[in-house]
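K.L.:
Can you build the whole structure from these sequences, using the hints too?
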Amino acid sequence: MAAQDRPVKGPMGGRPPRGVRGPKVENPKKEFLRIIRYVAKYYAVQMVLVAICIVVSVLANVQGTMFIQTLIDQYIKPMIGSSNPDFSGLLHAMARVAVFYAIGIACSYIQSFTLLFVTQGTMRRLRDDMYSHMEKLPIKYFDTHIHGDIMSLYTNDIDTLRQMISQSIPQMLNSAITIVSVLVSMIILNIPLTVLTLAMVGVMMICSGKIAANSGKYFKEQQANIGKVNGYIEEMMTGQKVVKVFCHEDKSIEEFNKLNQELFDSAYKANKFANIMMPVNAQLGNLSYVLCACVGGALALGNVGGFTVGGLASFLTFNKSFNMPINQVSMQLNSIVMALAGGKRVFDLLDEKAEVDEGYVTLVRAKREGDKIVECQERTGMWAWKHEHQADGTVDYVELKGEVVFDDVDFGYTDEKMVLHNVDLYAHPGEKIAFVGSTGAGKTTITNLINRFYDIQDGKIRYDGININKIKKADLRHSLGIVLQDTHLFTATVMENIRFGKLDATDEEVIAAAKLANADGFIRQLPDGYQTVLSGDGANLSQGQRQLLSIARAAIADPPVLILDEATSSIDTRTEKIVQDGMDKLMKGRTTFVIAHRLSTVKNSDCIMVLEQGRIIERGTHEHLLEEKGKYYQLYTGNSIAQ
Amino acid sequence: MLKTLGKQIKEFKKDSFLTPCFMILEVIMETLIPVLMGSIIDNGVEKGDMRHIILMGLGMIGIALVSLYAGIMGGKYGARASTGFAKNLREAMYNNIQTFSFANIDKFSTAGLVTRLTTDVTNLQNAYQMILRMCIRAPFSLIIAMTASFLISARIASIYLIAVIILGGALAIIVRLAMKYFSQLFEKYDALNASTQENISASRVVKAYVREDYEINKFKNASGAVYKLGVRAEKIVIMNGPLMMFTVYCCILLISWVGAHMIVSDTLTTGNLTALLAYCMNILMSLMMLSMVFVMITMSMASAKRICEVLEEKATICNPENPVMEVKDGSIRFSHVTFRYNENSESPVLDDINLDIKAGETIGIIGGTGSSKTSLVNLISRLYDASQGSVLVGGRDVKEYDLETLRNQVSVVLQKNVLFSGTVLENLRWGDENATEEECKRACELACADEFIQKMPEGYNTYIEQGGANVSGGQKQRLCIARALLKKPCVLILDDSTSAVDTATDAKIRHAFAKEIPNTTKLIIAQRISSIQGADRIIVMNEGKIDGIGTHEELLAGNAIYREVYEAQTDGARDFDEGKEAN
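Protein chains in written order, with my numbering: chain A, 4 to 646; chain B, 301 to 883.
Don't read these hints as lab results, they were simulated from the structure. Hints should not be assumed to be uniformly reliable.
The following label-pair restraints were derived from C-beta to C-beta distances [stated by the list, open to error]:
id, chain 1, residue 1, chain 2, residue 2, range
1, B, N343, A, T158, 54 to 60 Å
2, A, L36, B, N343, 50 to 56 Å
3, B, S409, A, D360, 41 to 47 Å
4, B, L461, A, L36, 47 to 53 Å
5, B, G541, A, K213, 28 to 34 Å
With a straight-line cut-off of 27 Å between C-alpha atoms, the simulated DSSO-like cross-links for lysine-lysine are [claimed, not checked]:
id, chain 1, residue 1, chain 2, residue 2
6, B, K307, B, K605
7, B, K518, A, K143
8, A, K80, B, K347
9, B, K520, A, K476
10, B, K518, A, K475
11, A, K254, B, K407
12, B, K535, A, K44
13, B, K520, A, K44
14, A, K231, B, K699
15, B, K755, A, K420
16, B, K788, A, K254
17, A, K231, B, K407
18, B, K518, A, K139
19, A, K505, B, K520
20, A, K261, B, K699
21, A, K80, A, K323
22, B, K699, B, K628
23, A, K634, B, K310
24, A, K139, B, K716
25, B, K314, A, K254
26, B, K808, A, K632
27, A, K389, A, K463
28, B, K520, A, K143
29, A, K389, A, K475
30, A, K254, B, K741
31, A, K323, B, K347
32, B, K310, A, K261
33, A, K389, A, K476
34, A, K254, B, K614
35, A, K591, A, K606
36, B, K480, B, K535
For glycine and all other residues, C-beta sits at the position ideal for the given N, C-alpha and C.
P.N.:
Structure representation (structure tokens):
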């Protein structure tokens, strides 16, 4: 199993519950500013426009609230009792307000419209940036991160950021401006009443803080229980057939009910507290209103500080419109905190160091002119390494032959623990080198080094005499074909999946490659032949068929050097033979490194490397190694433990 | 569908009923508050009547308290009803899934069942809470505010009525249009995520072929499409806010104008006017809320449908009436058995199989992929029912047995086997709850598992990770065999269960079987000839039929398929490093 050679952490398929994962945001201000800067890079003007629009529409709204009082005090009351009321003044005032309203509506629309492009555009850019950057990350990143977690950056985390940009920040701004303008108006009207209102806001905040703390506690509990229940469900559904076979239904129901009940208990409490937040705040708001009415009434009647009845009526309106934004702020703060955590994870990805490539030797088409190799544009079937010497600027061409040499190579996935020790090996062009050894001996690791998925700690690897560190990674990898043990197919047609190996291949070339790999036969039997769309990693194909496609993909790339990881999974003998034939045809004339599981492959190799615990302990041909009666002999006869 | 889901409310009927009741109470109180506020201004502040202010204020506090109570209770019962509903849904689905036969499980797939039990239930929980709390509250609030408005002034109330109709119509159009684009958007978005997922797991392939830029371009195109659809959908949704503001402002202006005239002509008080303006907000807000609830319900419909599929699924295999509770011996008989996974499919998976196996025999089964080896043995423990003909164990039709009795006596080690998170012992005791540690150890020795278990850090108490992630393939297979042995069955079926075990150990296990459990009938499916070579008889399966049956020597002499496989395997196609699991 190749997976065990790699330092993959965490149990398979075991996703940690959402929201619990990831580090706590240590410096929220920094993260917040970084997000803002990211948005502002392309949308600074739009952000300012949105801010202005918010301010204007809030002011228009406040103006509207005040208008009602003016309407009553200045226009209606004076007319009461008058026998010939004059409504022209009122009409004027209304016209004025209507204009404000119109501006408010316009601003609100412009704001949403602009914001929409800011949000969607930023999301698109963020996705593209994340993906582009992710593609450039070294394999190590993918090996050391749980794939589900990477995926959740694209779904959950980006979603919290969208929420923050499109809703939380504008809302906060809106609320803040409302609060300030209402507060100023209140202070102008009456200071003692303002103090009273603020005191009530304090009470409200304490209460909601208490409730939020409770609710938060249970939400955390709920989250943990969701994790448990989902984990149990996943495990049991996967093993459902085993449950049936062992008649374990009742026990599994019993266990599930227990977890389900626990989830219910915490979910109920969490939701309960979340639900009562609103009514509590609303009624405290009403209480604040009543208190202000009573105290204000006393003040107005006693005519303290020139406070009038009309003033009180206005104040009460403000009191009402003050509480709402306060509640809003506390709600939005919560989601901003969540977004910051998501933002941090997203930026962590963007901050990951991309794969560095200091190589300068490139792969070019070449032809022979006399003794010399020269670069050319046309297809010659011949390739050369173009080596520009940095010291004196001269250019060398070395024919690509496929000779690979390991010279005293040490390697570890981490610096602390070496997995390969003093590995020496020599592959002549066209030779077949087989690696055998038990799981974890380091077979897959060696192949990871040739194409520089990982860089070695010590020693040298030479390719046609060139240190592979000097070869541009892209060119190095172009010259190597690789057939992995677990086949990965993409959601696309069969044709496109094979063409992945060589993007400009014609349909004829694809079919030729499929024929070489023995895949043509089954492809033609698929519903739409080469145009059949594969989905879900080729879920509708058998293991053997998937392997054949993977071989065809390598065949079309036509590389001089091949790395093959033979599959261990048991496919039936007939299919296996077809796959084997395909592999054999592919290997013909190429330098091949093969992680061998099949006796015929090993037997036909030019050289067999027996690995144990990161060292090559035996090397030679099949016959030679059998004579030695060492580890290879044990493996071959399958008697390793019987003796 | 509603009926199926409604049944799951069960013990939370009271909560489900009380929630909207309290919500209505809260709405009534909320409607009264503007009346009192109006009165405080009209009769208190305006007239300088302090007593009235305090009186009304006290009244308002009283109402606020009632409203608070109603709000808290509504919140509490709503939370209980919805989370309880979710709990019952999960439980009901889980219980029903436990009755599922293999055929039922195949129909849904593991991933399908997991989604239904998790995401879909959460969706319904949220929708249910929304329905209980808002679905009744919003229209009720709308009606009551409207009624109150009509009581105060029919003229002004009719303005509201018109506003409601216009705004309601506009909202309906927006929701409809937006939903269309959003469902397209979600589809595209899902596809984008799916291809990202694919790319992440195939990162090695992408890098090996230097296709990073190609993949980036592909992604950018897809994310561009998501962007375009997103913009299109949002453009419609953002009409909501301005539209709402426009309606509210128009109402305020109209009411002010009409109201001013009415106040002047003394048919309306200023207090009434303030109250009316408050109702205006109530009415329009309720409308907005309704449109949101509507969207939410529509979106959860898909989840509801998926959940109902599981709840309404009937198990295809059930216990018979008056079941036989004892299996006499391990003899097996197939009589003209034909089997199809799908009743409508033309070619049967097993075609007229006749077979007699004596108790205690060891039978090897071999054949290519799709030759129906697994289907054949699955009928014995009644994991599937034969379409025609009958399968007999211990001389009686398997359909007559109590399912548990049958499956305990016919022990299958499945091809795709699973260990569960828990200690080694706990896993073993799936076979027999009451097995002592000695018995477990005994079974492990038979299955050649004892050796490596002893080497584990905590021996039999070592914790096995979910899916057996911390043991190798061969170790897992041996543990699964031991688990099956603990049932002390009459019939033991190994479905390709030693493929990852090295040949030597494989031989040891077979040897132990022959010596220690001679009376148990053993059926062994294998790819390797060496695994079945020594069986009493070997069945060669081909395309749903028995191609040949006999001993190794007989088949070598007389069966073309068997000979071909044998030659292929001795010719070097056999696994080389079978020994790799040995340590």
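K.L.:
None of the hints should be skipped; say for each whether it holds.
P.N.:
Comparing the hints with the structure gives:
no.	hint	result
1	B:N343 x A:T158: 54 to 60 Å	holds, 58 Å
2	A:L36 x B:N343: 50 to 56 Å	holds, 54 Å
3	B:S409 x A:D360: 41 to 47 Å	holds, 42 Å
4	B:L461 x A:L36: 47 to 53 Å	holds, 50 Å
5	B:G541 x A:K213: 28 to 34 Å	holds, 33 Å
6	B:K307 x B:K605	holds, 15 Å
7	B:K518 x A:K143	holds, 23 Å
8	A:K80 x B:K347	holds, 13 Å
9	B:K520 x A:K476	holds, 24 Å
10	B:K518 x A:K475	holds, 24 Å
11	A:K254 x B:K407	holds, 24 Å
12	B:K535 x A:K44	holds, 23 Å
13	B:K520 x A:K44	holds, 19 Å
14	A:K231 x B:K699	violated, 37 Å
15	B:K755 x A:K420	holds, 23 Å
16	B:K788 x A:K254	holds, 20 Å
17	A:K231 x B:K407	holds, 26 Å
18	B:K518 x A:K139	holds, 15 Å
19	A:K505 x B:K520	holds, 21 Å
20	A:K261 x B:K699	violated, 33 Å
21	A:K80 x A:K323	holds, 23 Å
22	B:K699 x B:K628	holds, 15 Å
23	A:K634 x B:K310	violated, 67 Å
24	A:K139 x B:K716	violated, 37 Å
25	B:K314 x A:K254	violated, 30 Å
26	B:K808 x A:K632	holds, 23 Å
27	A:K389 x A:K463	holds, 20 Å
28	B:K520 x A:K143	holds, 24 Å
29	A:K389 x A:K475	holds, 11 Å
30	A:K254 x B:K741	holds, 23 Å
31	A:K323 x B:K347	holds, 22 Å
32	B:K310 x A:K261	holds, 18 Å
33	A:K389 x A:K476	holds, 14 Å
34	A:K254 x B:K614	holds, 21 Å
35	A:K591 x A:K606	holds, 15 Å
36	B:K480 x B:K535	holds, 13 Å
Checked against the numbered hints above, the structure breaks hints 14, 20, 23, 24 and 25 and satisfies the rest.
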